[in-house]
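Chains Z and W are the protein sequences, given in the same order. Following numbering that gives the first Met the number 0, the numbering of the first sequence begins with 0 at its first residue and continues without gaps. Following numbering that gives the first Met the number 0, the numbering of the second sequence begins with 0 at its first residue and continues without gaps.
A portion of the hints provided could be inaccurate.
[Said to hold, decoys possible] Computed list of lysine-lysine pairs in DSSO-like fashion (alpha-carbon distance at most 30 angstroms, straight line):
hint, chain 1, residue 1, chain 2, residue 2
1, Z, Lys572, Z, Lys466
2, Z, Lys117, Z, Lys334
3, Z, Lys141, Z, Lys117
4, W, Lys24, Z, Lys237
5, W, Lys34, Z, Lys96
6, Z, Lys154, Z, Lys167
7, W, Lys31, Z, Lys237
8, Z, Lys849, Z, Lys859
9, Z, Lys536, Z, Lys618
No lab work stands behind these hints: they were computed from the structure.
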Amino acid sequence: MKTNNSDSPIDELLRRSLPADPPESLDDSLDPAFEQLRRQLDSEELPPTPVADRLLFLVSGLHFRISAAASCLVLAAVFLLGPSRELTWAEVVQRFKGVKTFSVTLYQTTNPLEAPDKTELWVGEHRSSRVHNQGRVFFGRKGKVSKVFDVTSRKEIAVAGLSARELKEANLANGVHITRMLGDMKELSLDAIVKTFCGKMTYSPPLPAQSADIARDLKVFDLRSDRSTEWVRIWTLKSSGLPTRIRVWDPRRGDSIEAVFDYSAPQPDAAFDPDRFASDIASKSSLANRLYHLIADPGKQAVTPGDLFHETGYHMPEVVAMGQTPEGVVWIKSKRARNRKPDGGHFFGFGRLTDEHGQEYLHQFRHHHSYEDVTLEYHIPFDYGVGYRQPTRFTLTCWSQPISISQPGEIVGSTNITSWEPVARLPAREGISPPTTNDLLATLAREVRHREDWDRFDQLVALIAGKAEESRPAYIRDTLIMEKHSIFERNDQAFDMAQGLYVIAKPHLGTNYFGHSTVLREYLRGLTRAGKTAMVKATVATIYESLRVNRPEQVKYFVGNVLFTLRQFSSLKNPWALIPPSALDDPEIIEHLRQSGVRQTTSHHEDPAYQPWRNHAAKVFSQLQDRPFPAPVTILTDLPPFTQSDRTYRIDFPNRPELQLLRLKVKPSNLLFYLAWEQQQKAVPMADFKNLPDEPHNLTIVVRREVSSMDLYTHVLRSFNLVVRSTKIRRPVWVAQYDGRQLPNWRTVFPLSADHLGSARIRGSSSRNGITELLRLFAQSANSDLDRQSGLLTPDHVVIIDETGLPTERGPNQSWGSLNLSSGYAFWSGDEGTKLGREWFKNTFGITFKEEAREIEVLKLARAE
Amino acid sequence: MIRSVWRIVRNEDVARDVMQEALVKVHKNFRKIRKHPNPSALILRICHQEAISYWRKEKRRVEESLDNLNGHSFPDRDPIPDKSLIAAEQRMRIIAALGRLAPREAEAMTLLALEELTYPEIAAAMQCSQSTVRVLVSRARQRLRELLKTEKPSSLLVR
Chain Z
0 MKTNNSDSPI
10 DELLRRSLPA
20 DPPESLDDSL
30 DPAFEQLRRQ
40 LDSEELPPTP
50 VADRLLFLVS
60 GLHFRISAAA
70 SCLVLAAVFL
80 LGPSRELTWA
90 EVVQRFKGVK
100 TFSVTLYQTT
110 NPLEAPDKTE
120 LWVGEHRSSR
130 VHNQGRVFFG
140 RKGKVSKVFD
150 VTSRKEIAVA
160 GLSARELKEA
170 NLANGVHITR
180 MLGDMKELSL
190 DAIVKTFCGK
200 MTYSPPLPAQ
210 SADIARDLKV
220 FDLRSDRSTE
230 WVRIWTLKSS
240 GLPTRIRVWD
250 PRRGDSIEAV
260 FDYSAPQPDA
270 AFDPDRFASD
280 IASKSSLANR
290 LYHLIADPGK
300 QAVTPGDLFH
310 ETGYHMPEVV
320 AMGQTPEGVV
330 WIKSKRARNR
340 KPDGGHFFGF
350 GRLTDEHGQE
360 YLHQFRHHHS
370 YEDVTLEYHI
380 PFDYGVGYRQ
390 PTRFTLTCWS
400 QPISISQPGE
410 IVGSTNITSW
420 EPVARLPARE
430 GISPPTTNDL
440 LATLAREVRH
450 REDWDRFDQL
460 VALIAGKAEE
470 SRPAYIRDTL
480 IMEKHSIFER
490 NDQAFDMAQG
500 LYVIAKPHLG
510 TNYFGHSTVL
520 REYLRGLTRA
530 GKTAMVKATV
540 ATIYESLRVN
550 RPEQVKYFVG
560 NVLFTLRQFS
570 SLKNPWALIP
580 PSALDDPEII
590 EHLRQSGVRQ
600 TTSHHEDPAY
610 QPWRNHAAKV
620 FSQLQDRPFP
630 APVTILTDLP
640 PFTQSDRTYR
650 IDFPNRPELQ
660 LLRLKVKPSN
670 LLFYLAWEQQ
680 QKAVPMADFK
690 NLPDEPHNLT
700 IVVRREVSSM
710 DLYTHVLRSF
720 NLVVRSTKIR
730 RPVWVAQYDG
740 RQLPNWRTVF
750 PLSADHLGSA
760 RIRGSSSRNG
770 ITELLRLFAQ
780 SANSDLDRQS
790 GLLTPDHVVI
800 IDETGLPTER
810 GPNQSWGSLN
820 LSSGYAFWSG
830 DEGTKLGREW
840 FKNTFGITFK
850 EEAREIEVLK
860 LARAE
Chain W
0 MIRSVWRIVR
10 NEDVARDVMQ
20 EALVKVHKNF
30 RKIRKHPNPS
40 ALILRICHQE
50 AISYWRKEKR
60 RVEESLDNLN
70 GHSFPDRDPI
80 PDKSLIAAEQ
90 RMRIIAALGR
100 LAPREAEAMT
110 LLALEELTYP
120 EIAAAMQCSQ
130 STVRVLVSRA
140 RQRLRELLKT
150 EKPSSLLVR
């Protein structure tokens, strides 16, 4: 051991305090580097100084305990612990070649003041790819687009054959271009990727940017053009030699592309499978779940609401405090109150309260304190003020409280409560006074009105005190009464109330349309019935202008609702003329109307699509100007039919208001169906066309204005020498029977859920979901091959006979809504769908179907004698 | 090389980084090192230079992971946990103090005290005379005594 004859305590302190044994892991970390060096030395040209010479020098020249193999590691570290400080572009390209899978997020900015357009790209084995852009998912393989899906509609989009302009207009250009770019590159090299970014810039290998040496572990390369101001910058990690970021920038305009690379664990094969994606997203309920379906996070973190839900599931809230007011209103404070749903939505607290007497309560969510995760909810007894029985036990049920008819609620769990604070006032929250008795009554009355339980409604509104102009509950009361008048078609009374309420609502409509939309609707209806269209137009214009300034987000709903209201009046030939022109030019409003099912934004009378029909009609009118038409219906056979388009409508004869011209393109079977429909399906239309022709006819008809549809169809059939005969036949039928149980509140009844069978044959909701409608729709779905134009049945089709005894006609204090059984409907075709439908009827309503042979009345076509 | 770097930086990732820099320098100056009368001393000097230079450039404390305490004991006995923490703090103070020395003083001191090279070897490595080495070592010892005697750990951070 060497000595320096030094007895300095400082030297001893240094020796003692800084021992020289490094951790084994430091040595161990060099082993893989050594292996990689071996491979690299085998495949690459040696650096200028022969490795062997360096090894010889190192082994002989140094005094430290490293194995002979590790001596190579000393030099291997030069290349492999990290590339040399002088990392070259060639090394970076080489490293990237070894990468089989990676992902890139691209941010493209054309206007620096606007948000960039984001594209995500995953590249898998064999150059399979998946691109996300603008809500679309593009699957590709070796640069060929295999399938494209729109996440919002869940539908596949056909892109084959679309021109560049069409792709751009459909916002598909970016996704398609990036997918194809992967095929345009002969090899997926970094040079090729950078060349693609360069666009029209002349490509040359990027050079190290010395001035941009911003961090010890980053190496920056630049590529500049001598012909333009654009430049490309690539950031690479020294340790791995892989690029992390590429930026293309044009300082002239400020537009740029930024690409951020990720080299995490590869995505599973399923992530690149378009067929799997297509079949799965049909059942995915949120956009995030659909967009990132099958994308895996390498760190096992959840990437979608569905993934997070899979990890956490639902949990029961915990009651913190509970009380009941003297009137019977129950309030509950619960903690751990927020539950997150698979679609990313959430619900709070319990949501449902029942007692041992079976009394029903209306749930009202009041408040959720996000930080403390505490919810306050109320439950108002439906028998409030009318024979409410004090319970001794409550059952709190936590359920997912859905608002969509396609998502039935899921029960998380229940808990029984036998003690609470009696005679306890409703708690205030954060300085806000709790609701008054009138407030609660108004809330209950609103719910009862929606259920169309009019007897109970009348009781409740009689309990709400005050004047509409002085009290919000009283205003709500009067609005609900007005609605009842409207539903029962007591239009004069509805309009009388609407005029008074409109005076109260008017100052607020321009800033809070939603809060007074019902009053406005009745007011406009009344004005329209009275023929005061100028007042309608002025009122709509005033509110529109005010909303545009104060509440622009409500404008499209306002215009849509007004249009919907006015279109119900056939006396208004052109309701669109009452909407401000600028509203009908607004793309956002047009899109909202389109999504709401309003395809037309002009009347037939002004829509250019109907101009060919109007031109044809004008020629016909000129030829028939003086011809008399005494018969109710005259089929014109001496004039050529109209064949230019299917856009026609009943058009008035000029100067002869008693006559109209119409075109009818029908088969006899269509007319049979219409006739059966007009008879409200008291008899079933059946067809047997072995001996009867069922060919389409294109007829031009002059009809007197007072002729009914039934008479028109009957007359037309007669012209074919056909008549409709009623007859009785014996055939198998399903007899619907009801076991008499108490039916649930229809608003809490959700349609059948069977998405695992694919798309429902029939799904929707309407204002009429009573027994007649539900059985008709169920039969329609069971007869999936039924010709929907004719609706004609064959002996093999299902016929349902309603013997449930449930009301099909409204009583004196009942509206059509009073007859509802469900909030919506959904039925699937096929044996499985039909079976599930029968189970739904049985489990939900106690309605079963007994199959037997019965004699039923049918309508048939026959030759006229 | 690894040991000499480890003595000063006491952090695996930093040690790898510093060794990388040292090896690059070794590689770049390979021909010169081959011709040097004491190549190993020169290489050790390079390692120390890089380790101490790392301190100065990054201006941050060397934090010793508590994990590194495991198995790294004083020569005579395994410290009990609380004493290990004290030892770690002392190491940090010393490393910080080394960082406060003039570069050539720190080089001379570490080559002498840690690598136990002789004055002639150090002189050859530093390409100076032996008397210069003695002066550098003397100044380093004096300065270290002052720093380690009077200052609290936090103020020994390299600025």
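Results for each hint:
no.	hint	in the structure
1	Lys572(Z) with Lys466(Z)	violated (39 angstroms)
2	Lys117(Z) with Lys334(Z)	violated (39 angstroms)
3	Lys141(Z) with Lys117(Z)	holds (22 angstroms)
4	Lys24(W) with Lys237(Z)	holds (17 angstroms)
5	Lys34(W) with Lys96(Z)	violated (40 angstroms)
6	Lys154(Z) with Lys167(Z)	holds (19 angstroms)
7	Lys31(W) with Lys237(Z)	holds (27 angstroms)
8	Lys849(Z) with Lys859(Z)	holds (26 angstroms)
9	Lys536(Z) with Lys618(Z)	violated (34 angstroms)
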